[in-house]
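> What follows is each chain in one-letter form.
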Amino acid sequence: AQKVTQAQTEISVVEKEDVTLDCVYETRDTTYYLFWYKQPPSGELVFLIRRNSFDEQNEISGRYSWNFQKSTSSFNFTITASQVVDSAVYFCALVYGGSQGNLIFGKGTKLSVKP
Amino acid sequence: EAQVTQNPRYLITVTGKKLTVTCSQNMNHEYMSWYRQDPGLGLRQIYYSMNVEVTDKGDVPEGYKVSRKEKRNFPLILESPSPNQTSLYFCASSFSGGAYEQYFGPGTRLTVT
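Order-wise, the sequence lines are chains A and B. For what it's worth, this note's numbering labels the leading residue of the first sequence as 1, then goes sequentially. For what it's worth, this note's numbering labels the leading residue of the second sequence as 1, then goes sequentially.
Among the clues, some could well be false.
Sample of chain B residues at the chain A side, in silico, Cβ under 10 Å [unchecked claim]:
hint: 1; residue: Leu41
hint: 2; residue: Ser49
hint: 3; residue: Asp56
hint: 4; residue: Gly98
hint: 5; residue: Gly107
Derived EDC-like pairs (lysine to aspartate or glutamate); straight-line CA-CA distance at most 20 Å [to be verified]:
hint: 6; chain 1: A; residue 1: Lys107; chain 2: B; residue 2: Asp59
hint: 7; chain 1: B; residue 1: Lys69; chain 2: B; residue 2: Glu53
hint: 8; chain 1: A; residue 1: Lys107; chain 2: B; residue 2: Glu101
If you are wondering where the hints come from, they were derived from the structure by calculation, not from laboratory data. No residue lacks a Cβ here, since even glycine has one placed at the ideal position from N, Cα and C.
Let the hints inform the model, and build the full structure from the sequences given.
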């Protein structure tokens, strides 16, 4: 079965703290893609990153970084020096090789960054 | 401007009254998809379409229908809405398949009484 687990339902931090959002996935396919999307309080969904199963390189984009580890089936997201504007719900998602149309989202982690 | 549009944005209806939520994209994307978002359940895929006349079920297709007669449009049809279909609905599109970045519409908040 294909599954995405975001165990942290809500996280609250104070501005400038670092925070890591966890994502654990399950799939039997060797080819798959992982995503992170952000949903700010305004409600729109915004793409953050895509990673395929053959590329385990970590990625950094400004204050954002992603740690992909196949050994633990995890694709964690870290925000360094968090800001109030980072407050949002963050979703991790999986699409697997067997059905490249069927996206499976985690339940999301609500991040609140307080000034 | 590249975008995905949905109409209506808000809809209150009654049980059993057929409705259609339209979705249109202007990016010539092959792939389109519908999701519903419910508190505590995240986003769940209803149906997706890999191309014109090619549609398939997602994880929660019961009570919904879709069609893809043109590349740009992917309407979601509720033939007989029920209160458990009260939800926030998102349409999305991507270049080719779900393995690519998806562009989401603004959402349609549906209430069925």
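> If a hint holds in the structure, say so; if it does not, say that too.
Against the structure, the hints:
1. Leu41: 6 Å, holds
2. Ser49: This interface hint holds because 8 Å falls under the 10 Å limit.
3. Asp56: 6 Å, holds
4. Gly98: 4 Å, holds
5. Gly107: Check passed: Cβ of Gly107(B) comes within 6 Å of chain A, closer than 10 Å.
6. Lys107(A) to Asp59(B): 14 Å, holds
7. Lys69(B) to Glu53(B): Holds, at about 6 Å.
8. Lys107(A) to Glu101(B): Holds - the C-alpha atoms of Glu101(B) and Lys107(A) are around 19 Å apart, at most 20 Å.
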